[in-house]
Every structure is written in C-alpha cells, then in structure tokens.
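Asks: Each chain is listed here by its residues.
Number of protein chains: 2
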Amino acid sequence: MGEPKDSRIKSKPNIKTASNLSDAFLACGKISKPHIRIIYTWTQRRVYLSIAHHLLIRRCAPPPLPTAARARIIPAIEITTKRIAAESSVAHLSHVKALVFDVFGTVVDWRGSIARDLAAFGAQRGIAADWVRFTDDWRALYQPAMDEVRTGRRAWTILDILHKESLITLLERYGIKGLSDADIDHLTRAWHRLDPWPDTIAGLTRLKQRYIIGPMSNGNVGLLTRMGKHAGLPWDVILGAETARAYKPLPESYLRNAALLNLEPGEVMLVAAHNNDLAAAAAVGLATAFVSRPTEYGPGQTKDLAATGPWNVVTDSFVGLADKLECPA
Amino acid sequence: MGEPKDSRIKSKPNIKTASNLSDAFLACGKISKPHIRIIYTWTQRRVYLSIAHHLLIRRCAPPPLPTAARARIIPAIEITTKRIAAESSVAHLSHVKALVFDVFGTVVDWRGSIARDLAAFGAQRGIAADWVRFTDDWRALYQPAMDEVRTGRRAWTILDILHKESLITLLERYGIKGLSDADIDHLTRAWHRLDPWPDTIAGLTRLKQRYIIGPMSNGNVGLLTRMGKHAGLPWDVILGAETARAYKPLPESYLRNAALLNLEPGEVMLVAAHNNDLAAAAAVGLATAFVSRPTEYGPGQTKDLAATGPWNVVTDSFVGLADKLECPA
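If you read the protein sequences in the order shown, they are chains A and B.
Residue numbers for the first sequence follow this note's numbering, so the first one is 355 and each next one is one higher.
Residue numbers for the second sequence follow this note's numbering, so the first one is 355 and each next one is one higher.
These stretches of chain B come out as covered by chain A in the derived footprint (C-beta under 8 Å, 3 or more residues):
#, stretch
1, 562–576
2, 582–591
3, 607–617
Worth flagging that the hints you see were computed from the coordinates, not collected in a lab.
By construction, the Cβ of each residue, glycine as well, lies at the ideal position given by its N, Cα and C atoms.
Produce the entire structure from the sequences given, and follow the hints as far as they go.
Replies: Dropping the structure here:
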C-alpha cells in the first residue's frame with residue numbers, strides 16, 4: 355500500500371476531498387479512462403480509487419472540484435501519467451505467479467443457483483415457499499456458523515456440515531417437514547452445483563495460460579472440486595479454508611495456502627468481489643483484484659458495489675481482469 | 355478382498371498352485387481374454403490374478419496344470435463366467451467416485467525426464483557426468499529422506515526440500531562444484547517439469563468424464579500443481595502427502611485425502627504402478643488399479659513388472675484403465 359513512487363509529485367491530494375477530485379481527471383483532457391485506471395493501479399491510493407469508482411464503475415461524474423484543489427491536482431496527474439505511459443501497466447505485478455479466487459459471489463452466482471435448485475426441489479415435492487428469501491436466510495447463517503470455528507469455540511468443521519446444520523434450522527423455521535436424510539443431503543449439496551457468472555469460464559481460461567489459478571474459498575475441498583466439475587471451472591489446484599484449516603478472513607487462510615504453492619504472499623493475488631476479503635488478504639501481503647458483482651445479493655444490493663480499498667486491479671469481470679493482466683485472448 | 359460370491363463354487367483352488375492354473379483358462383476354449391479379466395476383477399483372488407499376469411501382462415503361458423486340478427477348476431470358471439457375463443464388468447466398482455493417482459512413475463516418466471533435464475543443464479554449463487546414473491542415485495535417496503519424516507524423527511518437511519537436500523548431497527558426491535543457489539533451485543524444480551507417459555493425457559481425459567481425478571502423490575502441492583500445468587494433466591484437484599501431512603504408504607496419507615473429497619475409502623480408487631502403494635491403500639479400504647510401467651526404472655527393471663496383489667483392475671496404460679472402467683472414448 356505504498357505512496358506514489360514519483361518523488362516529483364509534491365502535492366499529495368487530501369483523501370478527505372477524494373470524492374471531489376474526479377473532475378480533475380475529466381478536466382485534464384489528455385488523460386483517457388485507461389490512463390486513469392493505470393494511475394489508480396500504480397499509485398494504490400484511495401484518492402484515485404474513489405475517482406475510478408465514479409468514472410469506471412458507477413459511470414457518473416462526482417461533484418466538481420474546487421478551483422484551488424484542481425490547481426494542485428492536475429500537475430501531479432500529468433507527471434504521473436507520463437511516467438506510467440512509459441511502463442507496462444502490469445509491470446509492477448510481474449512478480450504475481452498465482453491468482454486465487456473467492457468463489458461464492460465472485461466466481462459463481464450462489465444466490466440465483468441456490469434459489470433455482472430449491473425451487474426445482476420444491477416444485478417436484480409440492481412444497482411451496484419463498485425460495486429466494488430462503489436462500490438469503492441460508493446465506494445469512496453462513497458467517498455466524500463460521501464464527502464459531504474462527505473463534506475456536508468449535509473444533510474445525512467443514513462448510514458442508516455448517517451448511518447442513520443451517521439448512522435444518524431453516525427447514526424448521528419455514529415449517530418444512532418430512533424430508534429424508536437423503537433429501538437434506540441433496541439440498542446441502544446444492545452448494546456443489548452453483549453456476550458461474552457469464553464471464554467466468556472465458557476469463558479463467560485466459561488467466562490460466564499465464565498464472566496458476568485456483569479457488570481460495572471457505573468451501574471445503576470436496577465442495578469446490580465438485581463445483582469445479584459441475585461448472586467447468588479450469589482450476590489448476592483446489593485451495594481454501596480446509597487446506598489451511600482456517601476460515602477467511604483469518605490471516606492463516608491466506609498465508610498457509612500461499613505456502614502450499616511455494617509462494618510468498620506477494621506472489622499471490624486474491625481475486626474477490628468483497629472488499630473485506632481483499633482487505634484481509636492485503637493486510638498479510640497478497641496482491642489484490644476487485645471484480646464487481648453488483649447483483650450477487652440481488653437487485654437491491656447495497657454493499658460491495660464498488661472497490662473501497664487500494665486494490666491493485668479493479669474491474670467488473672474476469673475477462674476484464676484478463677485484459678488488465680494482459681493475458682492473450 | 356472378498357471370497358467369490360457365488361456359493362456354487364465349491365472347489366476353491368489352492369493358491370499354492372496358482373502359477374499352474376492358467377492353462378485351465380486356456381483349455382477352456384469358451385473363455386476369452388476379456389472373460390479372464392472379468393473373472394479376475396470380480397473374484398479378487400490371487401489365484402486368478404497370477405494367471406492374468408501370465409496371460410495378459412507377461413503374455414506367456416504358465417506351466418501346465420495337473421489333470422486333477424484342471425478337473426476341479428474348469429467347472430468353477432465356467433459358472434463364474436456365466437454369472438459375470440450377465441453383469442457389467444464394472445458393476446462391482448460402481449461405488450467408486452474418485453480416481454487418485456500415484457504420480458512419479460505412474461503418471462509421468464520421472465527417470466527419462468530428470469535425466470534429460472540434467473543433461474541439458476550439464477551441456478549448457480559444460481559439466482560432464484553420467485546423468486542417468488545421477489538420476490537413479492537421486493531417486494535412491496527418496497525413500498530414506500521420507501523415512502525420516504514418516505518415523506517422526508524429523509518434523510513435517512515437503513518433498514521439494516528433501517529433493518534439494520538429496521541433490522546437494524549428490525553434487526558433492528559427483529564432485530560438481532560452483533553451482534549457485536539459483537542453479538540448485540532450478541535443478542530441484544526439474545521434478546516440477548516431468549513429462550507424462552504417452553497414454554497419460556488421453557486416458558485421464560476420458561477418466562475425468564466419469565470420475566473426480568487427482569494426484570495422490572508424495573510430491574507437495576506446489577510441485578504437483580506446476581507439474582500439472584507443465585504436462586497438461588487435467589486434474590480436478592491436487593491431493594498428496596502435503597494435504598494429508600503424511601507420506602505414503604502411511605494409512606493417513608490415503609484416509610485423510612479420501613476425507614478431503616467427502617468420500618469413504620471404498621469410494622476412492624488408487625491407480626499406481628507400484629504394488630506396495632496399492633497394498634497399503636487396499637489395507638485401509640481403497641479400491642485399487644495396477645497400471646504396469648515396465649520401463650519406469652529403465653530397461654533393466656526388475657520390480658513391479660506385474661501386479662502381485664488382488665487389485666480390482668490390472669492394465670498396462672491409462673487408456674486401458676478407461677476401457678476397463680467403461681469411460682467413453
């Protein structure tokens with residue numbers, strides 16, 4: 355999370371004015387959107403990140419910048435732009451050897467997939483319920499269940515078991531009775547049958563040519579392996595909480611999996627749609643890529659719509675990630 | 355390792371006469387080679403296994419069977435054959451969900467690959483040595499190094515480190531001096547660059563359509579992942595000593611990896627070219643497939659030329675394994 359390396363940049367913008375800085379970019383007609391992305395990536399500063407959000411993700415111009423601030427900012431941007439233009443946009447990421455991916459929400463659409471799976475089961479069995487709400491309620495029990503393990507109050511327990519316990523709780527809450535053990539196991543394994551986002555396979559296929567790719571998920575190895583086969587994910591390796599015996603965002607979850615690949619933390623990039631996951635990974639030295647998934651939680655999603663940290667790459671699809679990392683199409 | 359399930363088979367051949375039984379098969383003109391394979395697979399008896407070796411692997415006829423013995427054996431074979439003919443040849447393996455593979459020697463040709471890699475390095479640096487002998491000497495230090503860890507005399511240590519230590523020992527023994535740390539790391543990683551046997555990729559590609567496939571090797575995760583990319587092995591998951599934190603043939607190495615896949619031991623089949631590996635896996639309940647690799651140790655190989663235990667499948671290539679497990683081409 356370094357400061358800008360160009361010592362010529364004397365005037366460092368006040369982060370408090372970040373939301374007002376974007377028209378400094380717009381006003382500077384010589385800077386294109388790709389340039390702005392490059393500046394953001396290289397400088398790793400929240401001030402640029404916020405601007406990039408408005409311009410590139412929310413696709414709107416933030417409030418105008420005061421004239422005095424503009425006078426300070428534009429020269430800094432111009433110097434930075436010239437410097438960056440002479441470098442590869444990914445030269446500073448050349449030490450990254452492996453891309454590891456958050457899975458639920460980042461690689462696959464858990465909400466749509468689970469709701470469809472439950473609805474199909476309900477239709478077959480004549481069970482009526484609001485399956486989308488059921489899905490959201492199931493996911494709401496995910497973090498509390500893992501917290502029992504993270505805190506050490508409970509011995510190491512894989513996610514399949516936590517999912518099953520949460521399911522049983524919800525079936526009681528919804529008054530759904532008469533399911534067999536086999537039914538419950540079948541429904542628990544709906545988490546093994548999640549479908550990828552439309553850009554996932556094409557992006558992974560390109561990224562795999564240049565990097566080791568694998569999940570780094572709180573899902574267990576059996577779950578991730580079966581999901582990989584179901585969804586056709588071309589993983590090189592299956593990593594996650596179970597191979598580290600620690601749930602994200604605990605530091606060990608990232609560090610032990612990097613070690614399993616014989617890599618230093620900085621040689622591994624976490625790709626995730628969740629800022630808190632990226633923050634925890636960055637805190638222990640991993641490189642970071644934010645991929646926005648604005649409908650992960652449905653049309654009313656309020657969090658993780660945009661990057662909120664100084665991530666190395668910010669994009670909105672795996673194909674976009676492959677572009678930024680210059681992986682051939 | 356059950357007895358024949360057909361209670362009509364009253365006369366059970368004496369295992370001590372196994373090597374003399376094969377002409378009972380030959381004499382019984384109604385039994386084709388595929389039938390003999392089926393009988394072997396289904397009965398899981400050493401007596402049939404030995405015959406199958408002679409007929410199918412060594413491709414020679416064993417010594418003649420005494421007439422008295424022949425009279426006892428042929429009716430048993432005929433009954434068995436009729437029963438088996440009505441079943442799928444792999445019906446008894448229908449519970450197998452995952453195939454896990456020994457890697458060094460079974461999936462890849464370590465000896466040829468390492469010798470080529472070392473020779474190329476030597477030619478580049480002007481270092482003359484008998485690189486094939488060096489390769490054999492390097493491999494000879496493999497089991498003793500792991501034994502230190504297996505016995506608990508040494509804390510858990512991954513194979514890359516053991517390989518590096520053995521390499522340093524050998525460089526001294528061969529009087530090869532002046533290599534840098536980077537050179538030694540490069541040579542150690544020759545074990546990441548092993549080439550597959552000619553049938554490996556075609557066989558794995560077919561087997562992957564029906565089974566979860568992954569290595570179950572004493573190689574560490576980083577080694578196996580990079581080898582997979584180097585050789586184009588279409589693994590679904592990377593398993594091995596490191597994910598179990600136990601070297602084969604310790605029971606934990608098989609059992610913990612089966613558990614990582616959410617599978618019972620009997621739902622996992624070990625595929626290996628080494629009888630001792632299969633024996634250890636079978637002892638803890640795994641299904642077993644022997645794939646002969648008669649040149650793994652070079653033209654003078656004396657061990658593991660044929661199966662020596664009651665393995666579920668015996669074949670001589672991964673394509674042959676895919677055929678036996680009825681995986682579509």
